[in-house]
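Each chain, letter by letter, is given below.
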Amino acid sequence: MYPSRFRYEAPRSIDDAVGLLQAGDGEAKVLAGGQSLVPLLKLRFASPEMLVDINDLPGLDYHRADPDGTIRVGALCRHVDLERSALLADRQPTMAAAAPMVADPIVRNRGTLVGSLCHADPQGDWASVVTALGGHVVAQGPDGRRTIPIGEFVSGPFQNTLAYDEIAVEAVIPAPEGTPAGGYLKLERRVGDFATAGTAVAIETSGGVVTRAGIALTGVGGSTIDAVEAARVLVGRPLGAEVIAEAAALAAQAAQPKSDHRGSAKYKRHVVQTFVERILTRVGDTTERAA
Amino acid sequence: MALFEEIAAEPSESVPVRRVTISVNGERRTADIEPRLLLAHLLRQGLKLTGTHMGCDTTNCGACTVLFDGKPVKSCTMLAVQADGHEVTTVEGLGGASELHPVQESFSDEHGLQCGFCTPGMMLAAKALLDEVPDPTEDEVRWALSGNLCRCTGYQNIVKSVLSAAQKLQGQSPADGS
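Residue numbers (the working numbering), protein chains in the order written: chain A, 21 to 311; chain B, 2 to 179.
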């Protein structure tokens with residue numbers, strides 16, 4: 021399959037890239053890892069007039085923690101970097117759990133977290149993870165940078181709220197106030213398939229009590245689902261079996277799955293409930309031992 | 002090099018064409034290509050390196066896997082123009098003209114292939130693994146190859162081949178002087 025014709029530019033600075041997007045007047049598209057965009061071009065679901073390849077932009081391949089614990093992921097940080105990250109293994113369990121589950125190992129060599137957020141596929145793992153963590157995206161445009169909370173960034177299936185002349189340059193995970201805990205679980209029929217269902221759970225605990233919680237769902241709705249009610253019941257309480265069951269049931273209620281070849285809606289809801297329960301139970305056991 | 006004869010009619014002057022220089026299997030190759038040309042097509046039609054197979058054409062199967070700066074990528078999911086200034090290794094670059102790479106030898110010895118369609122991608126993914134992890138566990142091999150599908154379902158022997166190649170390569174390592 022061949023993409024339709026486009027003009028190709030590979031700028032060397034973010035300013036040049038933004039300039040090209042401006043010149044493109046809404047008909048230009050940013051190319052980063054390309055693991056979602058190139059298939060879309062080949063299927064001609066997307067046929068932009070210009071591709072602005074940002075792979076040559078210097079200094080965007082980082083992921084790092086600020087002194088206060090804020091985690092920053094640059095636009096060219098590949099999934100594989102996060103999968104192998106000592107930083108995430110040490111400090112951010114939900115991201116560390118999700119990274120090896122994204123697509124397959126070969127796709128992970130190219131694809132990027134920020135690109136995955138921009139692509140806003142309801143099946144995308146990272147949008148759920150960043151939603152559960154209450155993160156945001158930093159966009160750079162002609163007037164400088166602005167910060168977009170993830171809930172406002174992903175505006176629907178395959179839709180984000182970037183202006184046509186903005187580039188998502190960084191994803192940011194706010195510094196935790198308590199001890200971060202959580203995980204990511206995904207059911208897929210085979211490696212690299214879209215998720216039957218996935219759940220991201222990110223909590224913070226302090227003195228055995230949950231101080232912050234986020235739960236987000238992958239592949240069980242028209243877009244990434246922020247299970248706000250499910251997360252809310254956890255806050256202010258220790259992670260006991262009762263509250264875990266309550267949160268899991270609320271997460272299943274928040275899911276809006278459709279029956280398809282991957283399973284019935286009822287089954288997918290059940291998977292969500294089981295996954296939330298499983299992650300929280302594991303976290304609860306660990307927190308108890310530590311306390 | 003006129004690549005378009007092989008793929009499509011010569012483009013008109015209005016079509017943007019870019020000159021790229023790519024190191025393919027250690028050899029500098031220059032081509033004038035349309036930016037929409039996929040890396041897999043440049044390799045197969047343009048450079049006649051047909052060892053890189055096109056399987057699913059949808060980023061699933063890994064038959065088109067090549068090494069891009071040493072790391073496995075799916076060449077059906079990259080633009081050829083993105084390889085400008087980079088190094089690409091295809092299955093043709095794995096062994097020498099007359100001798101096989103230990104990974105190839107092992108696939109032959111351990112019956113790591115049936116129809117052979119997935120084999121180039123499997124071997125390149127395996128080579129990349131062994132470059133990083135010289136002595137992988139079976140789980141690590143299965144994990145590293147999980148982006149490559151074998152429709153003959155011959156995974157058992159593929160895994161065996163990679164483990165055997167690891168041993169061979171370790172036997173050859175300069176550390177023990179051989």
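Be a bit skeptical, because a hint or two may be false.
[What the hints assert, rightly or not] Listed next, the stretches of chain A that the computed footprint assigns to chain B, with coverage defined by at least 3 CB atoms under 8 Å from CB atoms of chain B: (1) 45 to 59; (2) 158 to 172.
[Claimed, not checked] Here are some, though not all, of the chain B residues that point toward chain A, as calculated from beta-carbon distances under 8 Å: (3) T66; (4) T78; (5) A98; (6) S99; (7) S147; (8) G148.
[Claimed, not checked] Derived CB-CB ranges, DEER-like: (9) D76(A) x C153(B): 34 to 42 Å; (10) E139(B) x H281(A): 30 to 38 Å; (11) Q42(A) x D140(B): 18 to 26 Å; (12) S175(A) x T154(B): 35 to 43 Å; (13) S226(A) x W144(B): 34 to 42 Å; (14) S226(A) x Q115(B): 19 to 27 Å; (15) G97(B) x H281(A): 56 to 64 Å; (16) A98(B) x A285(A): 53 to 61 Å; (17) C153(B) x G256(A): 53 to 61 Å; (18) G46(A) x Q115(B): 32 to 40 Å; (19) T301(A) x D140(B): 20 to 28 Å.
Hints in this document: simulated from the structure, not taken from any laboratory. Computed from a predicted model, the values in this text were never measured in an experiment. In this text, a Cβ means the ideal position worked out from N, Cα and C, and glycines have one as well.
Results of checking the hints against the structure:
Counting residues of the stretch 45 to 59 of chain A whose CB lies closer than 8 Å to any CB of chain B gives 5, which reaches the minimum of 3, so the coverage claim holds. Counting residues of the stretch 158 to 172 of chain A whose beta carbon lies closer than 8 Å to any beta carbon of chain B gives 0, which falls short of the minimum of three for the stated coverage. The interface hint given for T66(B) is met, as the beta carbon of that residue sits about 6 Å from the closest beta carbon of chain A, less than 8 Å. Taking 8 Å as the C-beta cut-off, the interface hint given for T78(B) holds, the closest approach to chain A being about 5 Å.
Given hint, A98(B) at the interface with chain A, is violated; its Cβ is 28 Å from that chain's nearest Cβ, farther than 8 Å. Look at S99(B): its Cβ only gets to about 30 Å from chain A, farther than 8 Å, so that hint breaks. Taken as an interface hint, S147(B) checks out: its beta carbon lies about 4 Å from the nearest beta carbon of chain A, inside 8 Å. The criterion of a C-beta within 8 Å of any C-beta in chain A is met by G148(B), whose closest approach is roughly 3 Å, and the hint holds.
At about 40 Å, the CB distance of D76(A) to C153(B) agrees with the hint of 34 to 42 Å. Between E139(B) and H281(A) the beta carbons are some 31 Å apart, a value that agrees with the proposed interval 30 to 38 Å. Checking the proposed 18 to 26 Å range against Q42(A) and D140(B) shows it is violated: the Cβ atoms sit about 49 Å from each other. Taking 35 to 43 Å as the suggested C-beta distance range, the pair S175(A) and T154(B) conforms, at roughly 42 Å.
For the pair S226(A) and W144(B), the beta carbons lie near 36 Å from each other, so the given range of 34 to 42 Å is met. In this structure the supplied range 19 to 27 Å is violated for S226(A) paired with Q115(B), their Cβ-Cβ distance being about 57 Å. Taken as a hint, the range 56 to 64 Å is violated for the pair G97(B) and H281(A), whose Cβ atoms sit roughly 47 Å apart. Checked against the given bound of 53 to 61 Å, the beta carbons of A98(B) and A285(A), roughly 58 Å apart, stay inside it.
A hinted range of 53 to 61 Å holds for the C-beta pair C153(B) and G256(A), which are about 56 Å apart. For the pair G46(A) and Q115(B), the beta carbons lie near 50 Å from each other, so the given range of 32 to 40 Å is not met. Separation of T301(A) from D140(B) is about 25 Å and conforms to the stated range, judged on CB atoms against 20 to 28 Å.
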